[in-house]
Amino acid sequence: MLTVVLLIFVLAALAPALHRLLPALSHWLLALPPALVCGWFALQVPGIGEAPLREAWVWAPQLGVTLSFWLDGLSLTFALLITGIGAFIVLYSGGYLHGHVHQGRFYLFILAFMGSMLGLVLADNLFSLFVFWELTSVTSFLLIGFNHEDGRARRSAVQALVVTSLGGLAMMAGFVLLGVAGGGFELSDIRASGADLRGHDLYLPILLLVLAGAFTKSAQVPFHFWLPNAMDAPTPVSAYLHSATMVKAGVYLLARLSPTLGGTPEWMWALTVAGGVTAVTGGLLALRATDLKRILAYTTLMALGTLTLLLGMGGDAAWQGFAIFLVAHSLYKGALFMGAGAVDHGTGTRDINELGGLWPRMRLTGAFMALAALSMAGLPPLVGFVGKELIYEAGLHGPMLALLAAFVANACMVAAAGLVFLKPFTGPATPAASHAHEGGPALWLGPAVLSVLGLVAGLAPGLLGSAFAGPTVAAVAGRPVEVDLHLWHGLTPALGLSVLTVALGAAAYLMADRTRAAIAGTIRASRVDMDAAYDRILAGMDRVAAAVTGQLQGGSLRRYQLTVFTAIAALLGLTLWLRGAVALPTEMGPLSPIGLLLAATMLTGAVATLLARTRLAAIVALSINGLGLALTFLVFGAPDVGITQLMVETLTTVVLVLVLRRLPAVGRLARPTRAQRWGDAAVAVAVGVTVTLVLLGALATPLPLDLSLYFGEHSYLGAHGRNVVNVILVDFRGFDTLGEVTVVAIACLGVYSLLRVVLAGRREGEDPR
Amino acid sequence: MKPSLILATGARLLMSLMLLFSLFILWRGHNEPGGGFIGGLIAATAFALHAAAFGAGALRSLLRVDPRGIIAFGLSLAILSGVPALLQGLPYMTGLWGTFGALKLGTPVLFDIGVYFVVVGGVLTMICALLEEG
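Taken in order, these protein sequences are the chains called H and P. Position 439 of the first sequence, counted from 1, bears residue number 617 in our numbering, the numbering being contiguous throughout. Position 116 of the second sequence, counted from 1, bears residue number 157 in our numbering, the numbering being contiguous throughout.
Heads up, a few of these hints could be off.
[Said to hold, decoys possible] Some chain P residues near chain H, calculated using beta-carbon distances under 7 Å: (1) HIS71; (2) LEU118; (3) LEU144; (4) LYS145.
[To be verified] Using 20 Å as the maximum straight-line C-alpha spacing, the simulated SDA-like pairs for lysine to any residue come out as follows: (5) P:LYS145 / H:ALA545; (6) P:LYS145 / H:LEU895; (7) H:LYS601 / H:ALA545; (8) H:LYS601 / H:THR727; (9) H:LYS601 / H:GLY524; (10) H:LYS601 / H:ALA681; (11) P:LYS145 / H:ALA681; (12) P:LYS145 / H:PHE910; (13) P:LYS145 / P:PRO74; (14) P:LYS145 / H:VAL902.
Hints in this document: simulated from the structure, not taken from any laboratory. All residues carry an ideal CB built from backbone N, CA and C; glycine is no exception.
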C-alpha cells in the first residue's frame, strides 16, 4: 500500500513535465495510474471481509511514529472512491481546463491531493493519519486558490485552510491523548487491546478534540461556511474534494473511531445534533441558492450532516445506511458536479435562472445528470433510494427529532434535484442555452460511468451489500454484521415516508421562487452569518496583534531592557520563592586576597559606568567590569570560560564603538529624571539580588559527582580529548552546540538585515522605522 | 578615512599574529583550553581590527567572500560532520576517529572547525554591516 500511495505522489511530481511534453494526451495518461490503482483495490474486495491487510514501515520508533497502513472494508470503500472518481476527475480536468496556462500545475496539485487522501484513509498510525490529514488541507488550499488572481478565490482558500487546520490541530492534541489513553498510536492496536476508553478519565477531552477536527473538515454547523465558499475552485476540484472525498475525511474519522469512542451518550448527542442541524441547514440553503455549484455544495452539507447523524445514532441499521449512502452520495454528487461543470463550459453560466431548455443541445450530459439527480432525490431504482430507505429505517428506531431532520433534509434533496436537472434542461430555451454545446468525451465520461454505476448498484443492491457494505459496516461496528439489501422492501413505514418526502420535495420545487424567498427571509431574520463572523474574528485577531505589538515593540531600547530585566528578576525570584530554594551554602571557602581584589575591580567598573557622563566613558568603564569577570574565571580554574569572556568583552567593546559612530553625537548624556533613576535602581538591585540568591542556592545544592566522573573518564578514552569542556561542547553535547551555532548564525543574519533596512532608509532620507 | 600610521602598522602586524593564534587555539582545543568558539572569536577580533584600521571595503577585498558565505560554510561543515556516522549506521553526530601517522583526526574536529567559521562569519557580518555606509 505504501507503493500505491507513493506511486500517486511520484505521478504528481512528474505531472507538470508530462503535461509539457504531451499536452494533448496528458489527461489520459495521468488518469491511467489512478485507474490501475483503483483496479488493484478492487481485486482486494473479495478477501477483505475475512482479514484486513496491514503494512508498516518504521519511521521514528522513539516517538511511536510509524508509516503504517490498514486496509479493511471502510478504508477499501474510501480508497475505491478516491482512486476511481479521482481517475475520472483527472480526465475531466483535461477537458475542463483545456488550454489553461497552469494546467500542469493543476495536475500536480490534484494528484498530490489524491495521494494525501489515499494515505489518510489507509493510515493506521495516528500520526501518519494526522500528516496525511494536514496534507489534504494544504493541497485543498492550493486547489481552491488555483485561480489565484481572483481575490475571492484567495480568501476562500485561506478560509478553508484556517478553519480546517484549526480543527486539525485540536485533533492532533486529541490523537496524543487517545494514544496515551489507548496504550499505543496504532489504531488497530487500540481497537484490538479492547481498552475501555469510554470510561477513561480522558474520554471527554479526546472526544471533543477529535470532533473539532472531524466537524471542521466535514463542514458541520457551525463550521459549514467554508464549504460553499470553496466553490470558487475550478469545478473538477469541487467535484472531487468538496463533495466526493476530502470533506468526507471528517466522516471517515468518525466512522473509524466509532468502535473505539462511539456509543456513549456524549457521542450520540454531539453527532446527532451536529449532523441533524447540518443536514437541515444544508438542505434549506440549497434551495435558497441559484448557482448550480452552490446548490450542489449545500446538498453536500446535507449529505455530510446525514452521515454524521447516522454515525451518531449507531446500530446496525444506521451503519448500513451510512455505508450505502456514503457510496451513493459520492457517485451522484461526483456526476452532478462534473455535469454542472459541463453545463457551465457549454453555456458560460451556472445561474439556474439563466438556464433552461438545454435538453436538445446537451443530451448526453442531460441523461447522466438525470440519472444522478434521480439518485439524489432518492427515487427507485437508483442507489440513492436504497440509501434513503435505510436512513429512514434507522431513523424509525432512533430519536424522533433525528427522523424529522432526515425527512426535511431529504425533501430538500428532492427539490434540489429538480433545481439542478429539471430547471436547466427542460422548459423553453434561454438565450444562454441557445449556443450550448456538448463537450468532448473527457467531459462526459466521468458523469456517465458514475451515474450508471449508481443505477447498477440500485438494481443489484445485494452485490453492493455483500461486497462493500458488509465489510464497511463490520469495520464501523467493530464486529461482523449481516447485511442483506434489497431494492424492494415491501410496504414499510420507511416507504411511506419516502412517498411523503417526494411529495413535499416536489411541492417545494414547483414553488421554488416562493420557497427561496421564504428561506432567504428566515435567514435574514435570524441574523446568523458565520461567514461574516469569521471575518470579524480575523479582524479582531489583527487588532489584538497590532495592539500587543504596539505595546511590546515601542522602539525604545530603554523599555526593552527594563522589560527584560524586570522579567528576569520577577520570574526567577518567584520561582526561587515558590520552590523554597533560597538557601545559603553551609560552608564558605576563605576569602582570598586575589578574590577581593577582583571583586573590587568589578565594583569599580560598575560604579564608574554609573557615574560616566559620556557614552564612550561608559563603555570603557563597563569593560573594566567584564575584564574583572574574565580574570575571575581564569583565576578560579575555568580557563576556557575565561578566554571566551575576554574575547566576548573585546568584541563587545569593538561593536559598541562601531555602533556609537552611528549614533548622533551628544556630548554628555542627558541625566534621567529622579523617578527614572529610582526605578532603574530598583530593577537593578532586584536583578542583582535575585541572581546572587540563585548562585548561592546553586552552591548550596550538592552537585551529583557521577556526571563529572563520567565525563572525566570518557573524555579521553571515548572521545580522544583531554579538554573535558571542549569535548562536551563538540562531542558529548555536540547536538546542543549545533543548535547554538545555528542560533548564532540566524541572530547575525537578523542583525545584518535589520541594519540594512535601517541604513537603506537613512540613505534615502526616510525615517529609519 | 585615512588610518593613523600607528594603527595601520599595528593592525597589519597584529592581525597575522592573531589569526595564527586563533588557528593554534582552535587546534589545541581538544586537549587544552581553546576550541572553535574561542578561536573564532579571536579571528573575528583580528579582522575587526583590520576593518577598524582600513575600513569595511578593505576587509571585504581581503576576505574575497561575503561574510554571510562564511557562516553558511561553517554551518554546513558542522552539519555535515555528523553525517559520516549516519553512513555507518550510528546515531547522527557520533564521533568517528582515525589516525593518520602521528595525527589523530575525527569528525568532532571538523565540527569544531565549522563552529569556528560560523563565529568568524557571524561577527564579521555584523561588523561589515555596521561599518559600511558610514
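These are the hints, each one checked on the structure:
no. : hint                : in the structure
1   : HIS71               : holds, 4 Å
2   : LEU118              : violated, 10 Å
3   : LEU144              : violated, 12 Å
4   : LYS145              : holds, 6 Å
5   : P:LYS145 / H:ALA545 : violated, 81 Å
6   : P:LYS145 / H:LEU895 : holds, 13 Å
7   : H:LYS601 / H:ALA545 : holds, 14 Å
8   : H:LYS601 / H:THR727 : violated, 54 Å
9   : H:LYS601 / H:GLY524 : holds, 16 Å
10  : H:LYS601 / H:ALA681 : holds, 18 Å
11  : P:LYS145 / H:ALA681 : violated, 91 Å
12  : P:LYS145 / H:PHE910 : holds, 18 Å
13  : P:LYS145 / P:PRO74  : holds, 18 Å
14  : P:LYS145 / H:VAL902 : holds, 17 Å
Going through the hint list in order, the structure does not satisfy hints 2, 3, 5, 8 and 11.
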